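Put together the whole structure using the sequences plus the hints.
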Amino acid sequence: MEMGIVDRMLKNLIKKPITVRFPWESIEIPEGYRGEHVFDINKCISCSLCARVCPNRAIEMVEVPEEYRDRYPKRYPKIDLGKCCFCALCQDICPKGAIQLTKNVYLSVFDKNAVVKAPLKKEELKT
Amino acid sequence: METLTPLYDTYYNLYFGPAHCGSGNFGVKLRVRGEKIIDARADPGYLHRGFEKLMEYRVPIQNAVLSDRLCVLEPLSWNLVHAEAVEEIMGIEIPERASYIRVIMAELTRIQSHLIWFAAFSMGTGFDAGFKLAIGYRDYILDIFERITGARVYPAGYICPGGVRRDIPENISRKILDTLDYREEEMIELFHDLLYNPIIIERTRDVGVLKLKDAVRLGATGPVLRACGLKADVRKDDPYEVYGEFDFEIPTGRKGDALSRLKVGVEEMKESVNIVKQALEKMPPGDYIHPNLKRINLWKKMPPGESYARIEAARGEACCYMVSDGHPQPYRVKFRGPSFLHMIPVLEFLLKGTEVADVPAIYWSLNPCPADMDR
Chain A
24 MEMGIVDRML KNLIKKPITV RFPWESIEIP EGYRGEHVFD INKCISCSLC ARVCPNRAIE
84 MVEVPEEYRD RYPKRYPKID LGKCCFCALC QDICPKGAIQ LTKNVYLSVF DKNAVVKAPL
144 KKEELKT
Chain B
5 METLTPLYDT YYNLYFGPAH CGSGNFGVKL RVRGEKIIDA RADPGYLHRG FEKLMEYRVP
65 IQNAVLSDRL CVLEPLSWNL VHAEAVEEIM GIEIPERASY IRVIMAELTR IQSHLIWFAA
125 FSMGTGFDAG FKLAIGYRDY ILDIFERITG ARVYPAGYIC PGGVRRDIPE NISRKILDTL
185 DYREEEMIEL FHDLLYNPII IERTRDVGVL KLKDAVRLGA TGPVLRACGL KADVRKDDPY
245 EVYGEFDFEI PTGRKGDALS RLKVGVEEMK ESVNIVKQAL EKMPPGDYIH PNLKRINLWK
305 KMPPGESYAR IEAARGEACC YMVSDGHPQP YRVKFRGPSF LHMIPVLEFL LKGTEVADVP
365 AIYWSLNPCP ADMDR
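One line per chain: the protein sequences are A and B, in this order. First residue of the first sequence: 24, per our numbering; consecutive thereafter. First residue of the second sequence: 5, per our numbering; consecutive thereafter.
What the hints contain is simulated information worked out from the structure, not anything from laboratory work. Note that the structure is a prediction, hence the values are computed from the model and not measured. Hints may contain errors.
Claimed, not checked - Which bits of chain B does chain A cover? Going by a derived footprint, with three or more residues having C-beta under 8 Å, they are:
{"#": "1", "stretch": "53-66"}
{"#": "2", "stretch": "153-161"}
Unchecked claim - A short list of chain B residues far from chain A (calculated; beta carbon distances all over 12 Å):
{"#": "3", "residue": "Y50"}
{"#": "4", "residue": "M94"}
{"#": "5", "residue": "L222"}
{"#": "6", "residue": "G223"}
{"#": "7", "residue": "P289"}
{"#": "8", "residue": "S311"}
{"#": "9", "residue": "A313"}
{"#": "10", "residue": "V327"}
{"#": "11", "residue": "I348"}
Idealized CB from N, CA, C, for every residue including glycine.
Here it is as structure tokens:
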């Protein structure tokens, strides 16, 4: 399949570019992508299987702040996304489906403490 | 009167890598006299991460995740060889559908790995358009991986002991066929440009000639050995998974120079496309993982014993030797990376007596992966 240089130039003139202009547009991320975790504390039974299966030991079982301890008395996973390799073993092993990996891949932050996900979110703490 | 050292006796040490933009985390110490290379010493270890030791502290499903990192360019092949070694030691029979999925993933990995090979080769020889095109076509295959495994490059142990971690999506076979048909046509165009370009031919023909006798003596495998004319392929010689059911050819070269190695690579990609199409047609319905392993049985003890698995990765023969002493963790894991022998004995042998300008062409025609060499 040999093309002359003129044919090729014409073909490339009408061809769409292979890339997208990233910060303004991005390619669609499919279902089942292994991105940021979402943890549902109401489903969690504190079995700590996720902490044991994590290959990078990114999950630590911690207690929630004292004012919520009567409602959530057990220990819950705290996920350090800085150590996480996004293998989704915690999602696979969770018997109740409390940890789910979402399609969110925009995880860059300026503050290094922001990558640690406490079991209770700030919004939940306020209510 | 004392004379200065005669000119012909002076030599210089030239460092090609490990932080050189065209060597990829691997160093070669060259001793040059003028333009001539009189000696070459490979200098591995820059990318050593100690996987074999790390695996002694983890259970097989965690090791499956770790085995991706053995080689960035073909993680699924290393998943496969690790999973086969664990299955042999634990005596697990995997479902037939899982075998077909494994073959599809392994062959797609081979295609994208060869595309990186040509990208790196083009970059090394100063053919920048080839680099960009090859990396661009690789992205179409990464799109398929993204849909199946959940990430573009690292599948996170997609091929795990017992089968595969999740079933392939329903509409994916249409997408794979579309990508292969569309890409195959353009790929042929790309390699027509690359391999029939007079500049590339001048830089690769009769450069780095490896005779069959030397290739066997130095332990070359994969495309490097096949380019010397020997039909050696683990997929045919010692079929694993369901490779025995497919009809495919093993391309070989004749001269054993850099050009014939690249040509073998192109032919292999066409055969891989062929195998993927056959596998998609024949794929049976059923389970994708051994039923007892669906809820990952983590702390199940491995029976004492040892196992040895080998597969044909894109670069050559990838092997895994595993010893268990009855604990959930393996006692010892040893990986044999194909790049190790290509990059130390074969590269040192080929570089001796050549010229400095031929170093990138010889280096990249061997399809090196420093990650699987240093491990």
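Query raised in the report: Hint by hint, which ones does this structure get wrong, listed from lowest number up?
Result: none
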